[in-house]
Amino acid sequence: MKIELENLTKRILGTGNFISVDRNKCNRCGRCLIICIMNLWRKKDDTIYIVDDYQSKCLECASCYQVCEAGAINFQYPVGGTGVVYEKG
Amino acid sequence: MNTYDIIIVGAGPGGSIAAKNAAEMGLKTVFFERGRKPGEKNSSGCGLGPRMWKDFEIMKELTPEKCPSMRAGAASRNYFVNKEDIVAGYIMARPTESVSYEPAKSWITMNVYRSEFDPWLAEFATDAGAELKTSTLIVDLIKENGKVCGVIDEKGEKYEASIVIGADGVISTVAMKSGLRTKWAQNQVTLVPQYDFQAPPEKIDDIMGDEALGVWWGATFPASYQVFFRDGFHQGLGNWMSWWDKNPLFYLNKVVNLKYYQRLLKILEAKPRELQAHLLPWLDYPYNTYTDGVILIGDAGGFPCPLEAEGIYPAMITGKISAQIAAEAIASGDVSKAVLHKFDEEWQKTSIGEEFEAGYELWNIWKALPFSPKETMSWFVPMIMEVLGGIFDWSQPHALRIRQIASHVKSYMPKATPFIMKYVIPLVAKTFEDDLDKLMDPKKIMTILPKLLELLPQKKRKRGGKEK
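As they're listed, the protein sequences go chains A and B.
Under this note's numbering, the first sequence has 25 at position 25, and the numbering climbs by one with no breaks.
With positions in the second sequence counted from 1, the corresponding number in this note's numbering is that position plus 89.
Please note that the accuracy of each hint is not assured.
To be verified - Chain A stretches covered by chain B per the calculated footprint, using a threshold of three residues with CB under 8 Å from any CB of chain B:
no., segment
1, 5–13
2, 17–30
3, 52–61
4, 66–73
What the hints assert, rightly or not - PhoX-like, lysine-lysine: derived pairs with alpha carbons at most 25 Å apart:
no., chain 1, residue 1, chain 2, residue 2
5, B, Lys172, A, Lys2
6, B, Lys499, B, Lys532
7, B, Lys348, A, Lys44
8, A, Lys57, B, Lys348
9, B, Lys247, B, Lys222
10, A, Lys57, B, Lys194
11, B, Lys194, B, Lys155
12, B, Lys355, A, Lys2
13, A, Lys25, B, Lys266
14, A, Lys10, B, Lys360
15, B, Lys355, B, Lys292
16, B, Lys292, A, Lys2
17, B, Lys456, A, Lys57
18, B, Lys222, A, Lys10
19, A, Lys10, B, Lys155
20, B, Lys343, A, Lys2
21, A, Lys43, B, Lys335
22, A, Lys2, B, Lys532
23, A, Lys25, B, Lys335
24, B, Lys335, A, Lys57
25, B, Lys499, A, Lys2
26, B, Lys247, A, Lys2
27, B, Lys222, B, Lys343
28, B, Lys540, B, Lys456
29, B, Lys126, A, Lys10
Source of the hints: derived by calculation from the structure; they are not laboratory data.
All C-beta atoms, glycine included, are put in the ideal place defined by N, C-alpha and C.
Work out the full structure, taking the sequences as your base and the hints as a guide.
As structure tokens, this is what we get:
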């Protein structure tokens with residue numbers, strides 16, 4: 001059984017940017033690539049980045065921020081009243 | 090500037106109870122929620138324990154009209170899944186004879202969706218006079234001479250108060266901006282992905298009866314919980330941040346794709362409805378929970394139960410205590426760390442404090458068992474099933490089967506014995522303190538145990554067929 005993840009979580013637009021990476025601090029350990037449930041992190045050449053449209057896919061769990069021991073990932077919850085809405089949480 | 094006596098950041102169960110109690114004591118109270126309404130940012134933490142009905146009078150007012158998803162049940166089912174991803178067996182259990190009070194005798198958990206429960210609880214606070222500000226994210230604290238005296242929202246609006254309560258969950262702005270801590274260590278937080286499945290209420294009732302909870306103990310995935318609501322259920326699992334070697338959904342999907350589980354989905358007519366994920370603090374003991382003008386409660390303070398991470402009840406208990414301590418401190422005109430120390434003294438006297446007395450041992454055994462599927466559950470499941478599965482087995486004469494089972498269980502002892510010594514005995518010893526310390530001395534047990542195992546007879550004397 002393959003569960004389609006698209007459209008399984010409701011979101012309210014207007015979050016603004018709430019995740020960013022400090023490339024100087026990133027040690028490319030790759031933990032964020034593994035931990036992200038929505039698979040939103042990428043590694044290209046020697047750079048780790050989050051996909052452009054993460055705002056419409058992110059679950060706001062903050063795992064990437066929590067797992068980053070280099071302190072390279074900045075995370076602040078989206079603007080009040082926007083982002084993920086759990087109706088059956 | 091907006092001035093209050095007390096500011097509570099977060100309108101989950103902890104924040105709402107703190108706000109309710111503060112307002113009832115006459116404090117000018119405000120509490121903040123980043124969602125459009127309380128609960129819409131929360132997933133899981135969906136099981137309400139019977140202790141809540143004992144300790145919070147308001148729980149008796151929770152009805153299906155207020156909270157349509159609520160579903161209580163007396164039974165829980167433990168599924169044991171082996172290395173081959175086969176459900177090797179299960180145990181269903183109900184409240185036992187030693188359970189001492191109602192409603193604990195009637196049900197083990199009351200399950201609710203947080204999108205219904207949290208707003209219901211917050212209303213008690215607003216009814217008591219607390220001001221609720223929704224769609225408002227608190228991003229910083231105001232400090233004067235290094236001491237916290239208010240909060241700042243994302244629009245730059247400032248709110249001032251004598252005391253700030255951090256009820257803002259696992260990534261707590263109040264905790265970090267006040268300097269109480271930086272982010273948690275990797276082994277202090279778990280990541281919990283979870284599906285919500287919808288299913289017709291009558292199907293759930295017909296098929297699950299009064300089962301409210303399932304736990305799927307796996308040899309290839311961390312233990313996965315299943316929580317039943319009126320018209321759906323959650324299936325989720327978690328582990329510490331450092332554990333994951335693959336996308337966490339890989340492991341959750343393993344559960345969902347068990348043949349047994351697929352059959353269950355089919356007969357329940359269940360369909361995936363929502364995907365959720367959250368971090369959950371899982372500590373052996375809460376620390377740094379207060380400083381000048383600040384108290385941390387619930388998840389922000391690291392209060393979820395060290396065994397199975399029940400979070401709502403500890404949040405409500407610490408919320409209630411924080412309001413009491415804050416009110417006393419404000420009345421005395423001294424909100425310093427030295428006075429707020431009383432917060433720790435007070436929660437340590439409650440059942441939360443008692444839980445954390447064995448916190449390290451509980452935390453440790455959870456880490457070693459359900460959170461270590463490959464290391465521990467891979468032998469634990471077949472060992473348990475060797476015993477349970479042997480109950481009805483006519484493949485050989487029964488006495489022979491018993492000897493075969495005993496002999497096979499014995500083969501697990503090289504793995505089971507160190508586990509028992511390292512994790513089970515410390516917990517038992519801690520629980521019973523001195524009484525069992527002497528009895529359960531590992532050295533004594535190690536001298537006795539092999540001898541006992543040797544005593545198991547290998548052969549049985551023949552009885553019938555007397556010579557004529």
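task = Decide if the proposed pair is consistent with the structure: Lys222(B) and Lys343(B), CA atoms, cutoff 25 Å inclusive.
result = Outside the cut-off at roughly 41 Å; violated.
query = Does the alpha-carbon distance linking Lys10(A) and Lys155(B) stay inside the 25 Å limit?
reply = 23 Å, holds
query = Is the Cα-Cα distance between Lys222(B) and Lys10(A) 25 Å or less?
reply = Holds: Lys222(B) and Lys10(A) sit about 22 Å apart, inside 25 Å.
query = Within 25 Å, alpha carbon to alpha carbon, are Lys499(B) and Lys2(A)?
reply = 41 Å, violated
inquiry  = So if I understand the rule, the pair passes when the alpha-carbon distance is 25 Å or less; does Lys126(B) with Lys10(A) pass?
reply    = 15 Å, holds
key: Hint consistency between Lys247(B) and Lys222(B) [alpha-carbon to alpha-carbon, up to 25 Å]   = With a Cα-Cα distance of about 13 Å, the restraint between Lys247(B) and Lys222(B) holds, given a limit of 25 Å.
ask   = For the segment 5–13 of chain A, do three or more residues have a beta carbon lying closer than 8 Å to a beta carbon of chain B?
value = holds (count 5)
task = Decide if the proposed pair is consistent with the structure: Lys57(A) and Lys194(B), CA atoms, cutoff 25 Å inclusive.
result = 43 Å, violated
query = Are the Cα positions of Lys355(B) and Lys2(A) separated by 25 Å at most?
reply = Holds - the C-alpha atoms of Lys2(A) and Lys355(B) are around 14 Å apart, at most 25 Å.
message = Would the hint linking Lys172(B) and Lys2(A) be met if the CA-CA limit is 25 Å?
response = With a Cα-Cα distance of about 22 Å, the restraint between Lys172(B) and Lys2(A) holds, given a limit of 25 Å.
inquiry  = Tell me if the straight-line CA distance from Lys348(B) to Lys44(A) falls inside 25 Å.
reply    = 38 Å, violated
ask   = Do at least three Cβ atoms from the segment 52–61 of chain A come closer than 8 Å to Cβ atoms of chain B?
value = Coverage by chain B holds for the segment 52–61 of chain A (3 residues, Cβ < 8 Å).
Taken one by one, the earlier hints fail for this structure at numbers 2, 7, 8, 10, 17, 22, 25, 26, 27, 28, listed in ascending order.
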